[in-house]
Each structure stands twice: as structure tokens, then as C-alpha cells.
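Number of protein chains: 2
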Amino acid sequence: MSYIAPTKDMEFVINELADLNGVTALPGFSDATPDLVSAVLEEAGKLASEVLAPLNRIGDEQGSKLEGDIVKTPDGWKEAYEQFISGGWNGLAFSPDLGGQGLPWLVSTAVQEMWHAANMSFGLCPLLTQGAIEAIELHGSDELKAAYLEKMVSGEWTGTMNLTEPQAGSDLSAVRAKAEPNGDHFLISGQKIFITYGDHELTENIIHLVLARTPDAPEGTKGISLFIVPKHILNADGTPGERNDVRTVSLEHKLGIHASPTAVLSYGDNGGAEGYLVGEENRGLVYMFTMMNLARHAVGVEGIAIAERAYQQALNFSKERVQGRALDGSAERVTIIHHPDVQRMLMTMRSQIEAMRAVAYLSASAFDKSLHHPDEEERKRQQGLMELLTPIVKGWSTEVGNDVAYLGVQVHGGMGFIEETGAAQHSRDARITTIYEGTTGIQAGDLVGRKVLRDGGAVARAVIAQMRADCQALSGTDGLNSNKQSLEQGIGALEKSTEWILQSVSDDPELPAAAASPYLQLWGTVVGGWQLARASMIASDKLGSGGDDNFYKAKINSARFYAANILPQALAFEIAVTEGSQTVLEFDTA
Amino acid sequence: MSYIAPTKDMEFVINELADLNGVTALPGFSDATPDLVSAVLEEAGKLASEVLAPLNRIGDEQGSKLEGDIVKTPDGWKEAYEQFISGGWNGLAFSPDLGGQGLPWLVSTAVQEMWHAANMSFGLCPLLTQGAIEAIELHGSDELKAAYLEKMVSGEWTGTMNLTEPQAGSDLSAVRAKAEPNGDHFLISGQKIFITYGDHELTENIIHLVLARTPDAPEGTKGISLFIVPKHILNADGTPGERNDVRTVSLEHKLGIHASPTAVLSYGDNGGAEGYLVGEENRGLVYMFTMMNLARHAVGVEGIAIAERAYQQALNFSKERVQGRALDGSAERVTIIHHPDVQRMLMTMRSQIEAMRAVAYLSASAFDKSLHHPDEEERKRQQGLMELLTPIVKGWSTEVGNDVAYLGVQVHGGMGFIEETGAAQHSRDARITTIYEGTTGIQAGDLVGRKVLRDGGAVARAVIAQMRADCQALSGTDGLNSNKQSLEQGIGALEKSTEWILQSVSDDPELPAAAASPYLQLWGTVVGGWQLARASMIASDKLGSGGDDNFYKAKINSARFYAANILPQALAFEIAVTEGSQTVLEFDTA
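Just so you know, the sequences run in chain order R and S.
Position 145 of the first sequence, counted from 1, bears residue number 145 in my numbering, the numbering being contiguous throughout.
Position 435 of the second sequence, counted from 1, bears residue number 435 in my numbering, the numbering being contiguous throughout.
Rather than coming from a laboratory, the hints here were simulated on the basis of the structure.
Incorrect hints may appear among the rest.
Only pairs whose alpha carbons sit at most 16 Å apart, straight line, appear in this in silico EDC-like list of lysine to aspartate or glutamate [what the hints assert, rightly or not]:
1) R/K145 - R/E156
2) S/K319 - R/D588
3) S/K553 - R/D588
4) R/K553 - S/D588
5) R/K319 - S/D588
6) S/K72 - S/E165
7) R/K496 - R/E579
8) R/K145 - R/D216
9) S/K178 - S/E165
10) R/K78 - R/E204
11) S/K484 - R/D548
12) S/K178 - S/D269
13) S/K178 - S/D97
14) R/K78 - R/E201
15) S/K553 - R/E204
16) R/K8 - R/E43
17) R/K380 - R/D455
18) R/K178 - R/D237
19) R/K484 - S/D269
20) R/K553 - S/E201
21) R/K8 - R/D548
Rough simulated footprint, nothing fancy, chain S against chain R, three-plus residues with beta-carbon under 8 Å [to be verified]:
22) 422-433
23) 513-523
24) 556-562
As the structure is a prediction and not an experimental result, all values here were calculated from the model.
Just so it is clear, CB atoms sit at the ideal spot from N, CA and C, and this is done for glycine as well.
All chains, full assembly: derive it from the sequences and hints.
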């Protein structure tokens with residue numbers, strides 16, 4: 001059940017596919033050289049393997065518990081968290097002005113993958129804090145920033161996001177929590193559910209970011225404001241003081257991520273919790289959307305992380321478990337890794353993980369460039385790419401992450417169904433990733449509506465053109481012809497589906513909505529194939545040049561396997577989009 | 001969380017697709033008229049909905065527990081079991097000579113689907129008893145039959161299958177349990193694991209069927225014998241007497257089916273458990289194989305059952321949960337069933353359930369005919385069909401059953417991840433179905449090796465020819481042209497893949513093994529489409545003839561949806577078989 005950070009593949013992706021050089025050349029990132037990145041990944045990998053990964057089963061078994069008024073995290077959690085923040089890991093991608101390390105999101109993404117692979121329940125705590133920091137940094141007043149950010153960047157305080165209410169799942173227009181003005185602050189009341197790390201005793205304070213409505217706010221999405229509501233109201237000297245009027249009603253009993261406390265929080269049972277407006281009134285949802293790309297990207301990375309963990313465990317098991325005989329007729333019993341069907345499962349896992357990792361890191365690199373590139377045109381281009389890729393990273397990597405975790409159980413056979421083996425936990429933990437931060441359906445709707453239809457397909461077509469150009473380059477390389485053909489077909493399927501989406505909306509606006517899910521999976525499948533094709537070109541150039549030839553050969557094999565076994569699914573997705581969507585709408589809701 | 005048996009669809013499949021008339025015409029089945037079958041399904045449906053389904057959550061929460069020397073099943077289990085056997089349900093498909101109802105497997109299959117949908121943990125108990133009855137009935141001496149069968153058919157005693165040992169999962173050649181001759185019986189010793197309902201207090205006795213080796217047995221699969229080992233040794237008057245030397249060491253802590261006690265059993269800790277040889281020495285594995293088709297078929301039906309349960313729950317939720325707005329721009333919030341993406345999920349679930357049900361019932365019908373048809377040629381033909389379909393029913397219906405249960409969680413959004421909702425339980429319960437009674441990989445190997453290669457593709461080609469003939473008939477029916485094209489493509493993919501399998505084995509015997517899994521899914525996908533196409537033809541003939549037109553329209557819609565959204569996956573499977581298998585074998589095991 002151990003985890004070893006796949007630093008070799010991470011570095012290959014960061015350096016060769018996601019253009020670390022280009023990121024290092026951005027203002028402020030000159031320190032982020034390949035050597036430094038390598039050192040950071042190595043250190044993070046140690047913490048992940050040695051500290052976080054061994055706590056993963058304990059966390060699942062014990063879970064976090066509400067005992068009286070206190071949320072108790074599992075044994076070892078507090079010590080691990082202290083080690084985590086004392087290493088400076090919480091502020092990896094935040095500005096040195098706030099005490100952060102100022103590293104690119106590209107690097108932070110790889111490090112986050114490690115936390116989530118080692119221990120997803122643990123990794124959620126800094127993930128939520130990161131989101132809260134973003135919100136305050138981008139939209140909070142200088143006063144609020146001064147009061148909260150440094151402690152949150154260091155990890156001394158954690159952050160939460162309070163969006164959901166019982167009557168409103170993903171539909172935030174239905175938020176009802178109230179915020180009454182009261183002098184220099186507001187009094188917040190209402191119930192919030194599904195609050196990740198909504199309560200715990202890891203830190204002295206918890207900074208809740210809460211969506212609520214002021215008294216005269218317009219109905220719907222345009223009347224929602226964002227507030228900071230600390231668990232402990234700050235004293236004049238900035239230290240945490242008296243308890244605010246927020247109470248943990250219960251923790252959810254969940255399928256997975258048992259150690260991550262998912263709280264029902266009640267605000268204002270005794271008159272109202274002190275809250276401080278972030279930015280302007282009624283702009284809360286806009287602020288949420290600015291953070292959403294990052295949060296969704298991070299959840300996509302969770303899908304990859306759990307997949308990697310499940311793969312490592314299945315691979316180890318397959319090398320140890322003796323069962324059956326080889327097909328060559330020898331009498332010797334063999335380890336199951338010698339059975340072709342097990343090899344197919346392992347290759348299905350590995351090749352998709354490599355594809356997903358490449359796409360997610362490429363998107364992180366685009367995010368860095370969109371923020372820091374000196375050229376405005378390039379910033380815009382990179383932002384378009386990142387925005388297009390975000391729902392794909394979230395929606396595709398989490399769905400495939402679940403598939404991979406499922407296969408991880410399958411490789412174990414009967415042992416996979418026994419909880420002590422740990423393979424089932426990965427599958428249970430992974431299950432939330434296609435749901436929170438917007439379900440796969442919501443990602444698909446975002447892709448179709450905001451990322452493709454809104455600009456008339458401009459960014460989508462540009463990315464497809466880039467894929468075509470890279471695909472042409474495949475012809476120059478030996479042994480990659482079958483990859484090329486498969487990738488060409490995939491790109492063709494994506495292009496036809498994209499044009500169909502752009503056309504069909506005028507026939508019936510429900511058609512693109514009915515097509516959205518297979519269209520998103522089509523994108524993921526093809527961009528994954530594109531990145532693996534790039535990887536195989538680079539790897540075959542490097543073969544025999546004194547590097548790790550076994551690694552390069554494995555990269556080429558992954559790409560070949562993916563091209564022949566995974567990428568052809570594009571053909572089926574295309575038909576589901578262009579011919580299947582009409583049949584969805586024939587569904588009789590009665 | 002309720003369950004209502006889908007009797008309308010079951011009867012349609014039984015009567016129209018699986019040829020109940022033909023089965024009723026078989027010797028001994030003249031009573032099994034459509035009316036009687038309808039009455040049986042109605043009664044079974046009541047028991048399933050009213051008694052078994054309400055216990056499903058309780059069973060999951062409480063689980064079965066080993067307390068001291070006693071395995072305690074959850075609250076309500078014992079009463080439900082008594083009601084179950086007093087209704088005569090345990091012996092539905094067994095001979096009236098043994099106290100059974102003598103109904104065809106076709107009918108029994110539908111009834112079993114209900115038990116497993118209502119409460120899979122409960123349904124496993126009679127399922128295992130059924131397997132044990134089969135083994136004794138087919139291979140036991142008259143004396144053993146007289147001593148055990150009647151009580152087992154009535155359900156007063158249950159049965160178990162003891163195959164697996166810790167060092168030998170699916171590889172039974174490695175079985176080490178010992179059987180020492182000792183007068184008129186044998187003394188059995190050794191440890192067996194994964195024994196479903198290996199211990200419980202529902203009945204006075206438990207009849208274990210145990211694989212073990214006699215002292216001079218040859219090594220490997222040809223030295224394994226089958227024994228009856230009762231929990232309580234029978235008195236001279238046939239009643240259960242003193243405890244045999246078999247002890248429950250522990251119950252497994254599993255991902256799902258918590259209420260089904262999965263035992264580790266230790267035989268012979270005090271000198272040896274009394275065991276009685278079934279049939280001849282060293283033929284135990286052969287006897288197991290004769291029962292395996294039925295057991296595998298039953299597990300395939302479990303996949304369908306859980307899928308149906310998950311679908312019903314998701315459908316109900318989608319009709320109640322209000323969230324978001326319709327795309328027509330109206331301000332009113334709607335139930336989520338109005339969102340096209342939710343409709344796509346529901347149709348994906350429903351159409352595949354209907355496809356799987358049709359294939360499983362067709363296979364059950366073929367089993368009945370293979371046993372009872374007066375014409376030997378026809379018996380052989382039906383046996384060939386049943387044997388081909390069995391790994392498909394098992395391997396495909398359980399994989400798709402997991403997919404459907406997964407979607408059931410997804411439709412619930414965040415609520416799906418909360419255990420109290422119950423959607424997650426279906427997903428956890430379903431997870432074992434692709435593993436026990438032979439993993440999907442083992443089914444795929446069986447399909448390729450024993451069902452396709454062994455007879456040079458004769459049966460496979462005959463079934464493909466039948467599909468082609470039925471597909472041609474589609475052209476005569478209005479509105480089915482797009483179905484026809486999709487089905488033709490699917491059949492083409494299956495045909496090409498089958499010929500490739502038959503060819504490739506001479507190049508490398510590992511190639512068909514590497515192709516086996518996608519080849520099996522290809523079969524399932526296409527035979528499912530074939531049956532839905534037949535269903536839609538029949539339904540469109542019946543439209544307007546005074547029957548339930550809404551039902552017939554829904555059948556036609558399911559077929560149309562499946563043809564456009566599911567069946568095209570055949571194209572990807574074909575490529576994975578014919579082009580992908582070579583890339584599997586490039587996997588580096590080091």
C-alpha cells in the first residue's frame with residue numbers, strides 16, 4: 001500500500017510536454033529551473049511516501065469524528081499537518097510577499113498530485129485553503145488580506161468554501177443564507193452542507209468563505225455576496241479570540257474520503273456569525289467563478305493522483321501474486337503480471353494516467369502563462385487554452401480516474417473486495433471526484449456552453465489545428481505511423497463533433513446539452529492521445545542518447561497502446577454526439 | 001430506496017424474445033403458460049418489494065457478524081428467510097420429485113433477478129444452495145441424494161461451495177485441502193476462504209461442498225475430489241446431529257454485500273471433518289465445471305439486478321430533486337429529470353439493462369431447451385448457444401452492471417456519496433460481481449478459448465449468421481433504419497474480430513488472450529443490440545393493437561438510444577482486439 005511519487009514521469013511531462021523552459025522565462029519564475037523543480041519534487045515525494053501515504057488506511061478506518069463539540073481527525077493527522085506546513089508546502093504557489101514559495105502552478109500541480117495520491121483525505125485540507133486564499137487575494141480588501149492571508153498561506157489557519165445548502169446543490173441561484181449589516185460587519189445566518197474540512201482541530205482557526213444574501217439583494221445569482229466568517233473572531237492583535245456563531249451540526253457518513261470531515265455548518269443560531277464582506281456586494285458568484293478554474297483543475301488532478309496510487313498498488317500485487325500458468329504450456333506457476341489480460345489492465349491504467357497527467361500539467365502551464373506572460377496576445381491565447389482544458393481535466397480525468405481505480409480492484413481479484421487490501425479504498429475515495437466542484441455533467445455543460453459555443457468555436461478550432469500540426473509531425477518519426485492514423489481519426493472525430501455542436505444549437509438548444517457528456521470524453525480522449533503522441537516523438541528522439549532508454553521505451557509503448565486501445569473510442573463518442581443526442585431527447589420524462 | 005419488480009419488461013422478454021412458447025412446449029413444462037408465469041412473477045415481485053427490499057439497507061449497515069462461535073445475520077433476516085422458503089421459492093426450478101416447483105430456468109432467472117435486485121446479500125444464500133443442489137443431483141450417489149436433496153430444495157438446509165484456498169484464488173489446480181479415507185467416509189482438513197454463507201443461523205444445517213485431495217491423488221487439476229461435509233453430521237434418522245469438525249475462523253470485512261457472511265472455514269482442526277465423496281475420486285473439478293455455467297449465469301443476472309435497482313432509485317430521485325432551470329429560459333426551477341444530461345444517464349442505464357436482461361433470459365431459455373428438447377440436434381444447438389452466451393452474460397452484464405450502478409450514484413450528485421442515500425451501496429454490492437465465479441478476465445479467456453477457438457468458431461459463426469438474418473428483417477420496419485445500420489456495423493465488427501481471433505492464435509497463442517476482454521465486451525454490446533432490435537421490431541408491430549402503447553414506444557426508444565449511443569462502441573472494441581492486442585504484449589513485465 002505504499003506510494004512512490006512518479007517523479008521521473010512528472011519531470012518528463014513538466015520539462016518536455018508542459019514547457020517548463022517557457023514558464024521559467026516568465027517574470028518572477030527565473031528560479032524555477034529544472035534542477036530546482038527536480039529537488040522540490042524529490043522532497044515532496046519523500047513527505048508523500050513517508051508521512052502521508054502510511055496514514056491513508058488509518059484515516060479511512062478511523063475517519064474524522066464529531067465528539068461533542070470537537071471534530072477529531074484520525075491518529076497522526078495533526079503531526080502530519082504540522083510537518084506539512086513547517087516544510088512550507090502549503091504556500092508553494094503563493095507569492096513570497098505572503099510567505100509563499102512563489103513557484104509556478106505547473107510545479108504546484110505535480111506536488112498536489114503527490115499529496116492526493118498519498119492521502120487524498122489529507123490533501124483536501126490544503127486544497128480548500130488554497131481556494132480560500134485565492135478568493136481573498138483576488139477580491140478582498142487590503143485590511144482583510146492583512147488580517148488573514150499570511151496565516152493561511154503558511155497553513156497556520158485553514159480555509160473552507162461554503163456554497164451548498166440543502167435545497168441547492170449545484171444551483172447556487174437558490175442560496176438562502178442571510179447576511180444582515182451590523183456596523184462594520186455583517187451577521188451571517190443559515191445552514192451550509194458538504195463543507196470539506198468545515199471543522200477540525202488541526203489549527204487554531206478556520207476561515208470560512210460563505211455565500212449569503214444581503215437584505216435587499218436581487219433574487220437569483222446576481223444577489224449573492226461573499227463573506228469571510230472566521231471560526232474564531234480575531235482579537236485586536238490579530239490572534240484568534242472568541243468563538244464565532246458557527247456550529248458543526250454533524251459530519252456526513254460518506255462512501256469514501258472518511259478522514260476528510262464533511263460538515264454541516266449552522267451559522268447564526270445565537271444571533272448571527274460575524275462576517276466580513278469580500279469585495280462588493282452581490283458579486284459573490286462572480287468571485288467564485290474566478291477561482292473555479294483552479295479548484296476544478298485541482299480536482300481533476302485528484303483523479304489522476306488516485307489513479308496513480310491504484311496503479312502502483314495493482315502493479316505491485318501483480319508482481320507478487322502467483323496464480324495460474326503461462327500460455328506457453330510450462331508447468332511452472334507464474335505471477336499474474338505474466339497473464340496478457342492483466343497486462344491489458346495495467347497498460348490501460350498506465351497509459352491513461354500518463355495521458356491525463358500530460359494534459360493537466362499542460363493546462364497548469366497555460367495557467368501560469370495566462371497570468372504572467374509579458375505579451376497580452378499570448379496571455380489571452382494561453383487563457384483560452386486553460387479555460388478550454390479545465391472542464392476536460394476535471395470531467396475526463398476524474399471519470400477515467402474512477403475507471404482506473406476500478407481496474408485496480410479488478411487486478412486484485414477477490415482480494416480487491418476485502419477492505420484490508422486497500423484497493424477498494426482508492427475506488428471509494430475516487431468516487432467523489434466526479435461529483436464535487438461540479439459534476440461531470442456540469443463540466444460538460446461548461447465545456448459546450450462557455451468554452452465552445454460562446455466564442456463560436458474559436459479556441460476549440462485553434463486547439464484542433466495545433467493538434468493537426470503536431471500529428472503531421474508524427475510522420476517523420478519511425479514506428480509512429482499507426483499512432484498517427486489513430487490520432488488523425490480521433491482529431492477528425494473531434495472536429496466533426498465540434499462543428500456539429502456549433503450547428504445543432506440553432507436547431508434545438510437542448511441538442512448540445514444532450515451531447516455534452518460524450519463530447520467532453522471525446523475531448524479528453526483525443527487531447528490525451530495528442531500529448532502521448534508528442535511524448536512518444538520526444539522519447540524516440542532521445543532513445544540511445546545516454547538517458548534512461550527503458551523509460552523512453554515505456555513512453556513509446558504507452559503511446560502505442562493508447563493509440564490502438566483507447567483512442568479509437570473517439571469514433572464511438574462522435575456517433576454518440578452526432579447521432580445519439582437526438583435519441584436522448586426522445587426520453588419520456590413521464 | 002424501494003424496488004418494484006419490472007414485471008412488464010420481464011414478461012415481454014420472456015414471452016417475445018426468449019420464446020416462452022417454445023419452452024412451455026418442452027416435456028414437463030406444459031404448466032408454465034404465460035398466465036402462470038405472470039402469476040409467479042407477480043407473487044415473487046411482492047415478496048421482493050415488501051419483504052426483501054426493505055431489509056437491504058439494514059443488512060448493509062449491520063452486516064453479518066461472528067460473535068463467539070455464532071454467525072449472526074442482520075435483524076429481520078431469519079424471518080425473511082422463513083417466509084422465503086415457506087413460499088416454496090427455494091426450489092422453483094428443481095424437480096417436483098424433490099419437492100421443487102419444476103419451472104423452467106427461464107422463469108427462475110427472472111425471479112432470481114428480483115431477489116438480487118431487492119437484496120443481493122440475501123439472494124446469495126439460495127443462489128449458493130442452488131449450486132450445491134445441482135452438484136449433488138448431477139453427481140451424488142442415490143444415498144447422498146436421499147439424505148440431502150429434499151431438505152436443500154425446500155431450503156430447510158442451505159448449501160455452500162468451498163473451492164478457494166488462500167494460496168489458490170481462481171487457480172484450482174493449487175488446491176491443498178486433504179481427504180483421508182476413514183471407513184465409509186473421509187476425514188477432511190484444510191482451510192477454505194471466501195465461502196459465501198459459509199456459516200449462519202438461518203437453518204439447522206449447512207451442507208458444504210468441498211474440493212480436496214485424497215492421499216494418492218495426482219497433482220494438479222486431475223487430483224481433486226468433491227465432498228459433502230455437513231456442518232452437523234446427520235443422525236441415523238436423517239436429522240442434524242453433532243457438530244462436524246469445521247470451524248468458522250473469521251468473516252471478511254468487505255466493500256459490499258455486508259450482510260452476506262463471507263467465511264474463512266477451517267476443516268479438521270480436531271482430527272478431520274466427516275466428508276462423503278460425491279461421484280468418483282479425482283473428478284471434482286469436472287463436476288464443478290458442469291455447474292459453472294449455471295452459477296456464472298446467475299452472477300450475470302446479479303449484475304442486471306443491481307443495475308435495475310440502481311436505475312429505479314436514480315429515476316425516482318431525478319423526478320423529485322429540484323435543481324437548475326430548463327434550457328428554454330423559463331424562470332421556474334425544474335426536477336433534474338428535465339436536464340438532457342440526466343436523461344442521457346438514465347437512458348444509458350435503462351437501455352443497457354433491457355439489453356442485458358434480454359440476453360440473459362435468452363440464454364436461460366437455451367439452457368432449458370438444451371436439457372429438455374426432444375430433438376438431439378436442437379439440444380446440441382441450444383447448448384452451444386447457452387455455452388457461448390454464459391461468459392458473456394457473466395462478464396458483460398456484471399461490468400455494465402457496475403457502470404450502471406456508478407451512474408446511479410452520479411445521478412444523485414453529492415447525495416450519492418452519502419451512504420444513507422443507498423445509491424452507493426448498490427455500487428459497492430455490484431463490485432463483487434465482476435470478480436467471483438471467475439473474474440471478467442477469466443470469463444473472457446473462457447469465451448475465447450473454450451467457446452470460440454475450441455470448435456473453430458462454429459457456434460460463434462452460427463450466432464453471427466442468425467444476427468445477420470434478424471438484422472435484415474429490420475429493413476422492413478419503419479423507423480428502424482438507423483438501428484439497422486448501427487447493428488450491421490456492430491455485427492461486422494464482431495465478425496472481423498472473431499475471424500481475427502481464429503487467425504491470430506497460430507501467430508502467437510498469447511494474442512487471443514490479450515484480445516479476450518474487449519472481445520467479450522464486443523460480444524455483449526452486439527448481442528445486446530441484436531436483442532433490442534428484435535424487441536423494437538416486435539414492439540412496433542404491436543403498437544396500436546390495444547396493448548400498452550407507452551411501453552412499446554419506450555422499447556423502441558431504448559433500442560434507438562442503444563443503437564446510436566452504445567452499440568457504436570463495437571467499433572472501438574474491434575480495433576482494440578485486432579490492432580490493440582499486439583501492443584498489450586509489448587508490456588514490459590520488469
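Okay, the hints, checked on the actual structure:
A distance of roughly 15 Å separates the Cα atoms of R/K145 and R/E156; the hinted pair therefore holds under the 16 Å criterion. Taken as a hint, the S/K319 and R/D588 pair is honoured in the structure, with Cα atoms around 12 Å apart against an allowance of 16 Å. A distance of roughly 9 Å separates the Cα atoms of S/K553 and R/D588; the hinted pair therefore holds under the 16 Å criterion. Among the hinted pairs, R/K553 with S/D588 is consistent with the structure: their alpha-carbon atoms are about 9 Å apart, no more than 16 Å.
With a CA separation close to 12 Å, the supplied pair R/K319 and S/D588 stays within the 16 Å bound. Simply put, S/K72 and S/E165 have alpha-carbon atoms about 24 Å apart, too far for the 16 Å limit, and the pair is violated. A threshold of 16 Å between alpha carbons decides the hint, and for R/K496 with R/E579 the separation of about 12 Å falls inside it, so the pair holds. Between R/K145 and R/D216, the direct Cα distance comes to roughly 27 Å. Violation of the 16 Å bound is thereby established for this hinted pair.
Of the supplied pair hints, the one linking S/K178 and S/E165 holds, its CA atoms being roughly 12 Å apart against a limit of 16 Å. Simply put, R/K78 and R/E204 have alpha-carbon atoms about 12 Å apart, close enough for the 16 Å limit, and the pair holds. Between S/K484 and R/D548 the alpha-carbon distance is near 52 Å, which puts this suggested pair outside the 16 Å criterion. A C-alpha spacing of about 12 Å is found between S/K178 and S/D269, which places the hinted pair at or below 16 Å, so the restraint holds.
For the given pair, S/K178 sits about 34 Å from S/D97 by alpha-carbon distance, which is inconsistent with the 16 Å threshold. Of the supplied pair hints, the one linking R/K78 and R/E201 holds, its CA atoms being roughly 8 Å apart against a limit of 16 Å. Proposed proximity of S/K553 and R/E204 is contradicted: the alpha carbons are some 62 Å apart, above 16 Å. Restraint check: the Cα-Cα separation between R/K8 and R/E43 comes to about 14 Å, which is no more than 16 Å; the hinted pair holds.
As the CA atoms of R/K380 and R/D455 are separated by approximately 13 Å, the hinted pair is consistent with the 16 Å bound. With a CA separation close to 29 Å, the supplied pair R/K178 and R/D237 exceeds the 16 Å bound. Between the alpha carbons of R/K484 and S/D269 the distance comes to roughly 63 Å, so the proposed pair goes past 16 Å and is violated. Proposed proximity of R/K553 and S/E201 is contradicted: the alpha carbons are some 58 Å apart, above 16 Å.
Restraint check: the Cα-Cα separation between R/K8 and R/D548 comes to about 10 Å, which is no more than 16 Å; the hinted pair holds. For the segment 422-433 of chain R, the assignment as covered by chain S holds, since 5 residues bring a beta-carbon within under 8 Å of that chain's beta-carbons and 3 suffice. Only residues whose C-beta sits within less than 8 Å of a C-beta in chain S count toward coverage, and the segment 513-523 of chain R has 5 of them, enough to reach three; the restraint holds. Evaluation of the coverage hint for the segment 556-562 of chain R: fulfilled, as 3 residues show C-beta separations to chain S shorter than 8 Å, against a requirement of three.
Of the numbered hints given earlier, the model fails hints 6, 8, 11, 13, 15, 18, 19 and 20; all others are met.
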